[in-house]
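What follows is each chain in one-letter form.
2 protein chains.
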Amino acid sequence: MAPPAQMCHVNNGDLNAAAVRMVMKEAAPPHSASLLDADEFRRQGHQVIDFVADYYADMCSYPVHPSVTPGFLRSALPKDAPSRPAEHDAFAAALRDVRDHILPGLTHWQSPRHFAHFPASSSTAAALGEALTAGINVVPFTWAASPAATELEMVVTDWLGKALHLPESLLFCGGGGGTLLGTSCEAILCALVAARERKLDEIGSKRIGDLVVYCSDQTHFALRKAARIAGIHRDNVREIPTHRDRMFALSPADLGAAMRADADAGLVPLFLCATIGTTQTAAVDPVRELCAVAAAHGAWSHVDAAYAGSALVCPEFHHLADGADAVDSFSMNAHKWLLANTDCCALWVRQPALLVAGLGTEQEYILKDAAAEGHDIVDYKDWSVTLTRRFRALKLWLVLRCYGVEGLRDHVRAHVRMAAAFEEMVRADERFEVVVDRQFSLVCFRLRPPPEKLGGEKAANELNRSLLEEVNATSSGPYMSSAKVGGTYMLRCAVGSTLTEERHVTEAWRVVQDRAAELLGKMEITNSVVA
Amino acid sequence: MAPPAQMCHVNNGDLNAAAVRMVMKEAAPPHSASLLDADEFRRQGHQVIDFVADYYADMCSYPVHPSVTPGFLRSALPKDAPSRPAEHDAFAAALRDVRDHILPGLTHWQSPRHFAHFPASSSTAAALGEALTAGINVVPFTWAASPAATELEMVVTDWLGKALHLPESLLFCGGGGGTLLGTSCEAILCALVAARERKLDEIGSKRIGDLVVYCSDQTHFALRKAARIAGIHRDNVREIPTHRDRMFALSPADLGAAMRADADAGLVPLFLCATIGTTQTAAVDPVRELCAVAAAHGAWSHVDAAYAGSALVCPEFHHLADGADAVDSFSMNAHKWLLANTDCCALWVRQPALLVAGLGTEQEYILKDAAAEGHDIVDYKDWSVTLTRRFRALKLWLVLRCYGVEGLRDHVRAHVRMAAAFEEMVRADERFEVVVDRQFSLVCFRLRPPPEKLGGEKAANELNRSLLEEVNATSSGPYMSSAKVGGTYMLRCAVGSTLTEERHVTEAWRVVQDRAAELLGKMEITNSVVA
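These protein sequence lines map, in sequence, to chains R and G.
Using this note's numbering, read the first sequence as starting at 1 and increasing by one per residue.
Using this note's numbering, read the second sequence as starting at 1 and increasing by one per residue.
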């Protein structure tokens with residue numbers, strides 16, 4: 001990549017001139033004309049739309065993951081912001097910079113060949129919803145600060161909750177309620193702080209060091225991060241081991257034993273984080289049974305359905321959330337697999353008053369609206385880590401409004417179908433195995449271990465690590481990620497990009513097979529040489 | 001407002017049909033065609049751009065704050081999401097809904113007559129930067145997950161830090177470094193957790209209940225919220241009183257006395273949050289002296305410059321950050337007054353390793369890039385509350401790239417000039433007083449208290465509260481907010497909307513004068529009747 005010499009000019013401005021102009025009180029040009037002029041916005045905005053549309057149309061011409069080395073962009077850019085842009089049309093020049101220098105250095109999450117991590121599924125409605133939100137740029141931290149924004153968030157979290165068949169006790173229509181945050185980390189942290197404050201009110205705030213949180217060894221790091229932030233003692237996060245014979249789901253018996261042991265030791269069970277669709281293998285914890293155990297110990301139950309929560313939109317997956325009527329809080333990322341673009345995490349709680357007690361504020365300078373007096377008004381600033389917040393409801397409303405619940409079901413089912421097809425292809429090739437039965441659109445697979453004399457299980461991890469590296473290094477190939485569960489390294493093929501079609505999945509499998517054949521061929525040569 | 005009956009149709013779908021279709025494995029239509037088709041995106045995107053441009057052009061036709069009652073939108077919308085949208089062009093219909101039903105219920109923060117709270121200043125570059133970010137939709141939680149996004153964030157936080165004349169020790173080029181978060185609440189929380197973990201490593205983690213944080217009675221609630229979340233004992237947040245004769249700045253002597261008293265009582269001073277530009281009156285704490293006190297007690301110093309940090313772009317304000325070379329962390333909201341649209345909070349830290357120690361993770365399933373091995377790579381997931389994050393650097397880079405540092409100075413100075421003009425008008429009217437000397441673009445003022453026999457200071461607060469209500473109720477008038485400091489209620493006129501011009505400020509003052517004359521006239525009648 002050539003150094004983007006024109007990306008902006010290094011020149012820190014003539015401070016003296018500015019100072020002189022200030023002293024002279026010389027009139028500056030009307031600043032609004034250039035910064036937020038309707039006609040300029042229209043002209044440049046159409047450029048951006050065409051830019052993004054062209055990006056989607058050309059998506060397949062980019063390798064999913066760039067071949068760049070650390071520092072490639074930092075070293076190419078000037079050390080300082082420009083004093084004044086050098087070009088007449090700086091915005092058009094900047095768009096060229098994005099095309100020539102930034103896009104080639106991105107990992108293209110919207111590529112139909114992006115199968116890594118979990119999807120960040122985009123849709124036209126959500127992407128344009130973000131554009132609309134940014135254009136309108138309101139800050140709905142209280143009802144009064146933008147009434148329609150707050151009310152739309154209340155409406156759309158109820159809509160989504162019903163579409164996912166959540167119990168009404170978690171929705172406004174049933175006495176609970178939902179909010180839209182950035183990520184699951186925030187959602188879990190908010191729930192944990194609400195739980196912690198309730199518990200400390202009971203047992204006395206000096207005992208914060210006695211509180212214990214519970215999860216499985218498959219739970220997302222978000223729980224540990226939230227526990228750390230919330231001041232839970234580092235030794236008091238119980239990561240209960242899971243096993244392959246239970247599909248890596250958290251065992252209620254093991255949870256019960258852990259809670260009992262802690263209670264016996266004078267500690268206080270505080271918080272359970274169960275998962276529907278774990279990060280590594282999309283395992284599903286048995287929500288009803290786990291909640292019963294937690295309730296028996298007075299602990300708060302949270303369900304993290306960051307990825308697989310989207311699947312609940314389909315009736316055939318509803319049973320996975322059986323028991324959700326017993327949870328205290330539930331979160332899922334509509335930006336992962338439900339077309340809502342990053343970021344959009346929905347959090348529902350059974351008792352909003354506990355959230356407000358943990359996170360709320362009352363201050364004189366916050367405008368109260370006379371109209372709001374005495375009404376059942378939500379001030380969302382008291383439901384989250386932050387006060388300032390974006391109007392995320394608009395894009396989620398657009399997604400539900402424009403595609404409908406059936407449209408979302410079509411979307412989820414298309415990916416499930418493609419993943420099933422991938423899984424069948426893996427099973428049909430005897431060199432490979434599916435390590436964990438697929439439930440959603442994630443397939444975890446690996447090359448079977450070589451014979452014991454050639455390293456067996458021990459060699460299998462290195463072999464599959466090499467396979468992933470080779471697959472990801474294939475120009476115009478798929479991009480996948482890995483998991484290591486119970487000591488077993490596996491490749492993860494997470495179908496979920498909106499642009500992915502069956503041909504991309506078939507082609508991805510062909511690349512995996514080809515790279516595997518090369519690897520196994522090399523091994524055979526090496527082994528025969530050694531022999 | 002008419003009920004938006006067409007906003008979407010209540011119909012929860014025919015589950016049986018869907019189930020049957022699944023069983024039959026009937027092919028659904030290619031879902032990508034409708035959800036992220038380049039041509040459809042282009043067509044609908046141009047509609048959105050025109051919609052937003054029209055909104056800016058028509059901005060003055062909206063009252064800044066809507067006359068709506070709680071529930072106005074909730075009761076008008078269907079209880080469920082549509083099963084399928086009823087219209088042929090659902091997106092165009094949705095945009096009509098936004099125009100007819102949502103926009104009229106918003107508080108228009110971009111109105112040139114919005115003078116409440118602090119500004120949420122928009123610009124074309126940032127609004128379109130958000131559109132671009134949403135379109136590209138990458139998730140740069142690690143360097144490998146989108147190298148150019150991480151590197152651009154490193155570049156642009158250095159650019160911004162230099163533009164604000166921050167010490168190099170807070171920038172990557174000087175061994176520190178910056179990141180872009182959502183809000184100041186997150187920034188303060190991240191700094192506080194880093195400080196807490198460092199301190200607990202020293203004194204033992206059992207002593208979390210002994211940690212004390214310090215601020216003034218003017219510090220934003222964000223600090224108290226962060227302290228609550230981080231598990232600091234509720235009794236251990238010292239809100240040190242400020243006084244009008246020190247312009248409501250935190251006194252280093254008072255801070256020292258508070259820290260000493262706590263230390264003498266066996267508690268542990270942990271964290272100071274100093275402010276440049278407080279929420280109520282834009283007071284500026286003396287950073288250098290406060291940091292010296294904090295350092296003497298081994299406490300972490302954070303500076304919250306959420307609003308006024310933007311002013312540091314102008315040399316004439318640099319002295320306000322004197323002493324910033326002694327802080328451990330510094331944050332400001334580029335989305336408030338620096339044209340970066342919500343949300344964009346920059347946090348810089350002197351020792352990034354402490355952030356990572358407090359918030360970091362290492363997990364097998366996170367893809368490491370071979371290219372990154374052994375390099376000085378930032379994985380921003382370890383710098384914040386969240387793992388998933390948006391590519392915020394793109395819009396901030398566009399703002400700096402397209403307007404340049406001088407363009408930002410012009411923008412800030414234009415608002416400072418307008419606020420100075422407003423202040424002069426207040427001072428020229430003997431019925432009013434400026435309560436706190438203006439430093440930036442915020443004017444705090446009130447009607448002078450009536451004579452003692454008519455209530456004096458006590459009546460003044462009610463009088464000014466009524467004045468604010470009357471001003472805000474004026475159709476096509478300005479929208480302001482209030483503060484109450486040292487028992488004194490005052491109106492706040494915060495100039496900062498990008499579209500605000502001098503005529504809007506002049507007109508706002510005329511409305512204030514007119515409403516005041518009416519109020520004072522009514523009072524005179526009442527008083528003469530009573531007499």
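No lab work stands behind these hints, which were simulated from the structure alone.
On a predicted model such as this, the values are computed, not experimentally measured, just so you know.
Honestly, I wouldn't trust all of these hints.
As the list claims (entries may be wrong) - To list a few chain R residues with every Cβ distance to chain G over 10 Å, as calculated: (1) D37; (2) H46; (3) V52; (4) P82; (5) P147; (6) I203; (7) I208; (8) D254; (9) D264; (10) A265; (11) A326; (12) P450.
Claimed, not checked - In silico lysine-lysine, DSBU-like type, Cα no more than 35 Å apart, as pairs: (13) K206/R x K162/G; (14) K522/R x K484/R; (15) K458/G x K484/R; (16) K453/R x K522/R; (17) K79/G x K206/R; (18) K484/R x K453/R; (19) K522/G x K458/G; (20) K162/G x K79/G; (21) K79/R x K458/G; (22) K484/G x K458/G; (23) K458/R x K522/R; (24) K484/G x K453/G; (25) K79/G x K162/R; (26) K162/G x K206/G; (27) K458/R x K484/R.
Ideal placement from N, C-alpha and C gives every residue a C-beta, glycine not left out.
Hint check results:
no., hint, in the structure
1, D37, "7 Å, violated"
2, H46, "6 Å, violated"
3, V52, "3 Å, violated"
4, P82, "5 Å, violated"
5, P147, "5 Å, violated"
6, I203, "13 Å, holds"
7, I208, "6 Å, violated"
8, D254, "22 Å, holds"
9, D264, "20 Å, holds"
10, A265, "15 Å, holds"
11, A326, "24 Å, holds"
12, P450, "22 Å, holds"
13, K206/R x K162/G, "44 Å, violated"
14, K522/R x K484/R, "25 Å, holds"
15, K458/G x K484/R, "68 Å, violated"
16, K453/R x K522/R, "17 Å, holds"
17, K79/G x K206/R, "45 Å, violated"
18, K484/R x K453/R, "23 Å, holds"
19, K522/G x K458/G, "18 Å, holds"
20, K162/G x K79/G, "51 Å, violated"
21, K79/R x K458/G, "56 Å, violated"
22, K484/G x K458/G, "13 Å, holds"
23, K458/R x K522/R, "18 Å, holds"
24, K484/G x K453/G, "23 Å, holds"
25, K79/G x K162/R, "9 Å, holds"
26, K162/G x K206/G, "40 Å, violated"
27, K458/R x K484/R, "13 Å, holds"
Figure legend: structure checked against the earlier numbered hints; hints not met, in rising order: 1, 2, 3, 4, 5, 7, 13, 15, 17, 20, 21 and 26.
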